[in-house]
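Just need the whole structure built from these sequences, with the hints factored in.
2 protein chains.
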Amino acid sequence: MSTKDELLKYLKESDGVWASGESLAAALMISRSAVWKHIKALQEEGYGIESSSKRGYALRNLPDRLLPAEIREGLETVCFGREKIEYYAETDSTNLRARALAHEGAPEGTIVVAETQTQGRGRRGRTWFSPPGCGIYVSVILRPRVQPHEAPQLTLLTAVAMAETLLERADLPFAIKWPNDILVGGKKISGILTEMALEMDRVDYVVVGLGLNVNTPAEAMAEEIREIATSLRMLTGKIFSRVEILRAFLAKLEHYYALFQDRQFERIRNRWKELSGIIGKQVKIEGLDRAYEGEVVDLDRDGFLILRTSDGAFERIVAGDVLYR
Amino acid sequence: MSTKDELLKYLKESDGVWASGESLAAALMISRSAVWKHIKALQEEGYGIESSSKRGYALRNLPDRLLPAEIREGLETVCFGREKIEYYAETDSTNLRARALAHEGAPEGTIVVAETQTQGRGRRGRTWFSPPGCGIYVSVILRPRVQPHEAPQLTLLTAVAMAETLLERADLPFAIKWPNDILVGGKKISGILTEMALEMDRVDYVVVGLGLNVNTPAEAMAEEIREIATSLRMLTGKIFSRVEILRAFLAKLEHYYALFQDRQFERIRNRWKELSGIIGKQVKIEGLDRAYEGEVVDLDRDGFLILRTSDGAFERIVAGDVLYR
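Protein chains in written order, with numbering that gives the first Met the number 0: chain A, 0 to 324; chain B, 0 to 324.
FYI, nobody ran anything at the bench for these hints, they're computed from the structure. Where hints are given, some of them may not hold.
Just so you know, same-sequence chains aren't split out, so a pair can sit in one copy or run between any two.
[Stated by the list, open to error] Restricting the straight-line Cα-Cα distance to at most 25 angstroms, the calculated cross-link-like pairs of lysine to aspartate or glutamate (DMTMM-like) are: (1) Lys176 to Asp203; (2) Lys272 to Glu294; (3) Lys8 to Glu49; (4) Lys187 to Glu285; (5) Lys83 to Glu103; (6) Lys186 to Glu292; (7) Lys83 to Glu44.
Structure, rendered in structure tokens:
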């Protein structure tokens, strides 16, 4: 823990009571001017710290930011977010940053978060609307000990972790949409972008990236986005703690990832099927080079949809966009 | 073409006849001191350029290096090596450099070559012995329009291109060893390392890396390497032009890549089977978590080996090392 993080911890433990600069300096074994320097830095990060030349310092309120120290406080994981959290007030895309870190050898569980993304990306080069301070834009570096063809299963796993996190927070009909979105009433609230670096028979790394619309107000969305997207706030009228949701999601993700590494993908696949509600549904799928229509009969072990068309033939759909009929 | 490359072209066209500094300066529309500066640079790259204050300059011999200008001269490709060739006298690994370039958006056909690699790598983190000036260490960036599960086929394609390049140069029993080596009489002469960056349903890029032992003398290899590896020179007693072999390989690779993009992988797969000679052979395979024994009956469309074991069962081998019995 850095000196600044320790100072923050003491201020939090003081619970609003004044702590003198002298006592903080003594506790941290640094000079009073060093204490002042760290206080300034914390204030710049958005911590509401009151200062008085007589009484010292008191923490009045926490910033609504996904700061590493805030994420770590009460984080119930063993690995994810433990070693390294890279925080950006603004970046191009957390997935791009995470891939660069992974390429340089960053360990499993490394996390990149940003308050806003200037090039937030979805699947197939689509953009992900990422207004500042309203959402969770996070990428996690994984280095699974599995065969390359199994790595895409991590998209399904991430969707399960996110859907469960949302269901614990609001009594709404969140559903996974194949392959990588979470919808409520037909509108998108979360999207997942999985990117991986592989050799022919070895996984180098996988980056799972997640975008979640939390406190985005309706007026922040352009009309054409409002028609297809929503946020927790728009659905409930409430403001949510982004850092709490992120912590809960990381714990779920780590839980399912442990199952995955333990060769128990079947359990995750079954949970995915429950949470998607797609099995047995009539759908139309815009595939890469043609469209398909029929009943979804299964999600197979590779994460592909199995469709039975009206003439009784089975189709295995590798990629595409699902339209419910 | 850079001014330096143009100057080199003129010197080559003079075919050993002296060209005056004055005439070269006039032809290139630069000063005589600029001509001198470029001559110095070419000499440092290894070009044997004689200079005389009276007669000017004459090119006496070409360097034995894989310089971009040498590779491009007579290169029979449309795309590969046309736009960008990144040359290193020494680098960590051409695949690492190519991945970094691809990550930054380098186009398809970008090539990285090195005279020596300090961290030459083979499959599964193994090292590739890369002594300076003796071999070809090259990586090619591809951006195929295929599904992620098809991308590993590019390893087989590269092996076919390399095997054919070698067969055109020496009458020796070159054979592809599954999945990614080329052997002669049981000794390795070439290895392929394919690395890729994927989304769940989209290929970002593939880097095919190749190491080929060309003029490596036996005494440059440690004894334990000499037992398992060989070079064209060790096999034939001759010195080969590395740049000619590289050009031929790039042309073959581009030819098969066009077939691949044209959905004609079947033809490549059939050629692979011919060149491997593995079909019908009794083998033992050290898989990732167990060993297999049996007869190889096929290479399937995903590039996996199909084995029939002694009890008549079929096994699909995703990864492993083949030992012939």
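Cross-check of the supplied hints:
no. : hint             : result
1   : Lys176 to Asp203 : between (28 angstroms within a copy, 23 angstroms between copies)
2   : Lys272 to Glu294 : within (14 angstroms within a copy, 39 angstroms between copies)
3   : Lys8 to Glu49    : within (16 angstroms within a copy, 73 angstroms between copies)
4   : Lys187 to Glu285 : within (18 angstroms within a copy, 47 angstroms between copies)
5   : Lys83 to Glu103  : both (14 angstroms within a copy, 24 angstroms between copies)
6   : Lys186 to Glu292 : within (22 angstroms within a copy, 53 angstroms between copies)
7   : Lys83 to Glu44   : within (18 angstroms within a copy, 44 angstroms between copies)
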